[in-house]
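J.: The primary structure of each chain is shown beneath.
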Amino acid sequence: MDVISSSIKTYNIWFEISGVEVGQHLYWQIGGLQIHAQVLITSWVVIAILLVSVNIAVRNPQTIPTDGQNLFEYILEFIRDLSKTQIGDEYGPWIPFIGTMFLFIFVSNWSGALLPWKIIELPHGELAAPTNDINTTVALALLTSVAYFYAGLSKKGLSYFEKYIKPTPILLPINILEDFTKPLSLSFRLFGNILADELVVVVLVSLVPLVIPIPVMLLGLFTSGIQALIFATLAAAYIGESMEGHH
Amino acid sequence: MASTVMATKPIALAKASPSLSPRKISIRAQAKPSSTSIPNLKSLTSKLLFSVPSIAMLAATPLPALAEMEKAGLFDFNLTLPIIAIEFLLLMVALDKLYFSPLGAFMDARDAKIRAELSEVKDTSAEVKELEEKAVAVMRAARAEIAAALSKMKKEMTAELEVKLAEEQARIELELAAAIDNLEKEKEEALRVLDAQIDALSEEIVRKVLPTT
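From first to last, the protein sequence lines are chains A and B. Counting from 248, one number per residue, gives the positions in the first sequence under my numbering. Counting from 2, one number per residue, gives the positions in the second sequence under my numbering.
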């Protein structure tokens, strides 16, 4: 009993130092419903960063662009190219959706990795990337689902549902299942990547705080950027897929 | 690593409360309000979607109590989901108005202008070639004119000179002829005079030589 209690005490000390707070959220209440406040706060910061930087850089467009304008022109061209490759010729109306998806996820992930959130102490839970919460990623994945349904239905009308029996009617259950696995995989891929990267970095920092976590943090920056790109590309691909077919 | 993390969690929670079971109940109570909330279609469908893998996870983990608490911690769906969705849609509209549309229109206009100028430049280079050829032709014509004029002048000059030459020659010949005539006349005169003198002389000589009888 003494041994167990002393080892429990040791474990407690380690827990205090490591401060891994997985699954701890700051709860707010609206009506009878709860909100993960830390996700909301960090998402507001991300939105503020996006809107302010866009406003500053794109205010007076010059024919020969300034540095900021050049960066945002590059980003816009990148998004246009991505949309055009995946969706095809009718990519114009979808640029805001795909672009916002890419920018929101990218800035969220990098803000979670780069900004010193731990400085602000919350009464419960901690601030981190808004995409480390299942609610955010599932929200984005569901929006993508709605988007590709909307794309297919607005282009083809009710004959959009013919795609479920397209190659052969035997594939009907698989096609229906696909409509569930698409948002599932999108959300879990992003959620797992970001949360796991945060966990790895936190655990490493709790063990060897000085130099060792840096390569892992750099890897985290790289993969979180890639995850933003993958999410946006897949969203565009699903939209393009549901819009293709007879024109 | 993960096992130590997972191991520390229940112990810390045990530290926070006297025993494990009240904590379990409180978390379940916490999870309950969101599940009996106002029917929210998205959260209902998402619960349907994710109940399958979460149930699978539950069955798989060896510590069901721990997994249940983890589920409340990690897979905690609540009002955050629609709020984030609404925030995303508002952000999309805002970015479209501030960034995608204006900058996109500006870039397209700039591209169109550059393309127009480029095609213009291509046309003017053809014009320039035309002008060059015209210039060369004009130069050639001018040179030919000059050459023709030169040769014409030369011819005229030589013709004039020849005329003058011929005139002078004729005059000289006339004068020569006149001079020769003069000389002839004088010669004849001289001969006549000489003849006369010769006659006189011969008579004198005869008189002087022959005796006067």
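No lab work stands behind these hints, which were simulated from the structure alone. Hints may be right or wrong, so weigh each one.
Simulated coverage check for chain B against chain A, where a stretch passes if three residues somewhere in it have a Cβ under 8 Å from a Cβ of chain A [claimed, not checked]:
(1) 140 to 154
(2) 198 to 207
Listed next, the in silico BS3-like pairs over lysine-lysine satisfying Cα-Cα at most 30 Å (straight line) [to be verified]:
(3) Lys135(B) / Lys123(B)
(4) Lys98(B) / Lys331(A)
(5) Lys402(A) / Lys114(B)
(6) Lys114(B) / Lys403(A)
(7) Lys365(A) / Lys403(A)
(8) Lys403(A) / Lys413(A)
(9) Lys153(B) / Lys165(B)
(10) Lys331(A) / Lys403(A)
(11) Lys365(A) / Lys429(A)
(12) Lys114(B) / Lys331(A)
(13) Lys402(A) / Lys413(A)
(14) Lys209(B) / Lys186(B)
We put the beta carbon where it would ideally sit given N, CA and C, even for glycine.
J.: Is it true that the CA of lysine 153(B) sits at most 30 Å from the CA of lysine 165(B)?
T.: holds, 18 Å
J.: Hint check: lysine 403(A) vs lysine 413(A), CA-CA at most 30 Å. Holds or violated?
T.: Judged against 30 Å, a Cα distance of about 14 Å means the pair holds.
J.: Given the hint that lysine 331(A) pairs with lysine 403(A), does the C-alpha gap stay at or below 30 Å?
T.: holds, 20 Å
J.: Does the alpha-carbon distance linking lysine 365(A) and lysine 429(A) stay inside the 30 Å limit?
T.: Status violated; Cα separation ~34 Å.
J.: Verify this for me: three or more residues of the stretch 140 to 154 of chain B with a beta carbon less than 8 Å from a beta carbon of chain A.
T.: violated (count 0)
J.: Check the hint pairing lysine 135(B) with lysine 123(B) against an upper bound of 30 Å on the C-alpha distance.
T.: Given pair lysine 135(B), lysine 123(B) holds - Cα atoms ~19 Å apart, limit 30 Å.
J.: Just to be careful, I want the Cα atoms of lysine 114(B) and lysine 331(A) compared with a cutoff of 30 Å; is the pair within it?
T.: Status holds; Cα separation ~23 Å.
J.: Straight-line Cα separation of lysine 114(B) and lysine 403(A) no greater than 30 Å?
T.: violated, 36 Å
J.: With a Cβ-Cβ cutoff of 8 Å, does the stretch 198 to 207 of chain B contain at least three residues near chain A?
T.: violated (count 0)
J.: For the pair supplied as a hint, lysine 98(B) and lysine 331(A), confirm whether the alpha-carbon distance does not exceed 30 Å.
T.: Status holds; Cα separation ~21 Å.
J.: If you draw a straight line from the CA of lysine 209(B) to the CA of lysine 186(B), is it 30 Å or shorter?
T.: violated, 33 Å
J.: Mind checking the alpha carbons of lysine 402(A) and lysine 413(A) for me, to see if they're no more than 30 Å apart?
T.: Distance of about 17 Å is within 30 Å: holds.
The structure is inconsistent with the numbered hints 1, 2, 5, 6, 7, 11, 14, although it conforms to all the rest.
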